[in-house]
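Participant: Using the sequences and the hints given, assemble the complete structure.
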Amino acid sequence: MSIELKNETILEIVPTFRVQWEEVQNCYVVLYPEGMVKLSQSAGEIMKRIDGEKSVIDIIDDISNAFDEADVKEDVMKFLEVVYGNGWIRSK
Amino acid sequence: MATVGLEASSQARPLWLLAELTYRCPLQCPYCSNPVEMAKYKNELSTDDWIRVMQQGRKMGATQLGFSGGEPLVRRDLEDLITEARRLGYYTNLITSGVGMDESRILAFKEAGLDHIQISFQASNEELNNYIGKSKSFQHKYEMARLVKKYEYPMVLNIVLHRKNIEQIRDILDMTVDLDADYVELASTQYYGWSRVNIDQLLPTKEQLKKAELVAREYQEKMKDKMKVIYVIPDYFENRPKKCMNGWGNIFLTIAPDGSALPCHAAGQLPGLEFPNVVDHDLEWIWDESPDFNKFRGTSWMKEPCKSCDEKHKDLGGCRCQAYMLTGDATNADPVCDKSEFHTKLHDDVERIGKLAGDEKFESKPLIFRNMKNSKNFTDKKTTETV
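Quick note, the sequences are listed as chains A and B, same order.
Quick note: to get the working numbering, add 1182 to the position in the first sequence (first position is 1).
Quick note: to get the working numbering, add 386 to the position in the second sequence (first position is 1).
Treat the hints as calculated values from the structure; they're not laboratory data.
Some hints here could point you the wrong way.
[As the list claims (entries may be wrong)] Sample of chain B residues at the chain A side, in silico, Cβ under 7 Å:
| # | residue |
| --- | --- |
| 1 | Gly447 |
| 2 | Tyr477 |
| 3 | Asn479 |
| 4 | His502 |
| 5 | Pro540 |
| 6 | Val542 |
| 7 | Thr685 |
Every residue gets a Cβ at the ideal spot worked out from N, C-alpha and C, and that includes glycine.
Facilitator: Written as structure tokens, this is what we have:
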């Protein structure tokens, strides 16, 4: 499933998945029926911002602001396309 | 049960907590994974016991919680347990036959925060479904599956495959498509629990498994963006065993209805285990310190041919229950491995069944259904044998 994500696309987590912080694992995880994927720090930073209100560009700006104005656009876009393909997120 | 994407952490932690709330069940499937001696377990944990177990598990890092059984719907405190589990932050899975469910209960589960419902089907047609489960449940299951989708739960449909339904795999998959399942788990009967007792009547032939796999692959491809088909290939035709439960005491923790803690839901049949109970011990001690959970952890318990095998870290010697059931010694290599001296015996047995399959007289041998009456026969027999 490939998709052209636009800057203004508002993203949400597909309701059959859940993203949450895990204290014991010290990372964000994605939970789904009988399974779990641990997220790397950067993946966690992106996934936790997907809330059904922010657009793609909002997420990019927000992360950039949080990390010394770093240029994260390309990496974030790439990650979002992958997880869109995984069926974890969708456009609202 | 599938373990999709659940990865082991570097340190063994019980990420997956399976709460077998009860052995009571309105169905009588002859391949049930519950122990054949289930009749001897009379006590069930109280609501407070379960809540304490869930709290301790969560503190140790458990994220997945399965409510299972028997039939978990039999427990009238299920709604309360789900509420507490979700409050603690678990991803809550209800593993059910659907019998005992109705729309108001599905709604109550939703309000309690249940994340996912898995419904089992015994077959894709009413007659066989109801025969295998010994229950007029097919229409009801169908209605419940529709409601699960209506209330926007992710839906897993689970169908155990065996010689009496495996040739209908296409109909089964069409049914799951019709029901709009998100995941489908198809697993063949193996040598555990009640299926061991009925293995002659249930074990699919090699040809049946091959054909079924092709059909499963076809649907995996055809439905890939809509429905995930998990087809578990049984290992008794293989030459290397599976890394059973991802390793003993590694990520799985099962609590039986009476509070016994087990590294796998089939481990109750193994001799020499002490079955630490959550009424007497906390989960941390059970997981880290108890003799049972350390018994087959890692590789130090192994003897030959596992001990010196360069693949021992890959499969950790396979399944302890299968080793015990087929060789009489749980510390033996899983006989699926062709390095095991019992490997030919396993293959001969599978071949024997394969040759007899289809023979009218062989096929007419009655199934032993999973119920308390039949279970009592097993427990009585066992007592007589020891006397």
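Participant: Confirm or reject each hint.
Facilitator: Checked hints:
1. The beta carbon of Gly447/B comes within 3 Å of a beta carbon in chain A, closer than 7 Å, and the hint placing it at the interface holds.
2. Against a cut-off of 7 Å between C-beta atoms, the interface hint on Tyr477/B holds, since the closest Cβ of chain A lies about 4 Å away.
3. With a least beta-carbon distance of about 6 Å to chain A, the hint placing Asn479/B at the interface is held under the 7 Å criterion.
4. Of the supplied interface hints, the one on His502/B holds, with its beta-carbon coming within about 4 Å of a beta-carbon of chain A, less than 7 Å.
5. With its C-beta approaching chain A no nearer than about 4 Å, Pro540/B sits inside the 7 Å limit, and its interface hint holds.
6. This hint holds: Val542/B has a C-beta 5 Å from the nearest C-beta of chain A, less than the 7 Å allowed.
7. For Thr685/B, the suggested interface contact is broken, since its CB lies about 25 Å from the closest CB of chain A, more than 7 Å.
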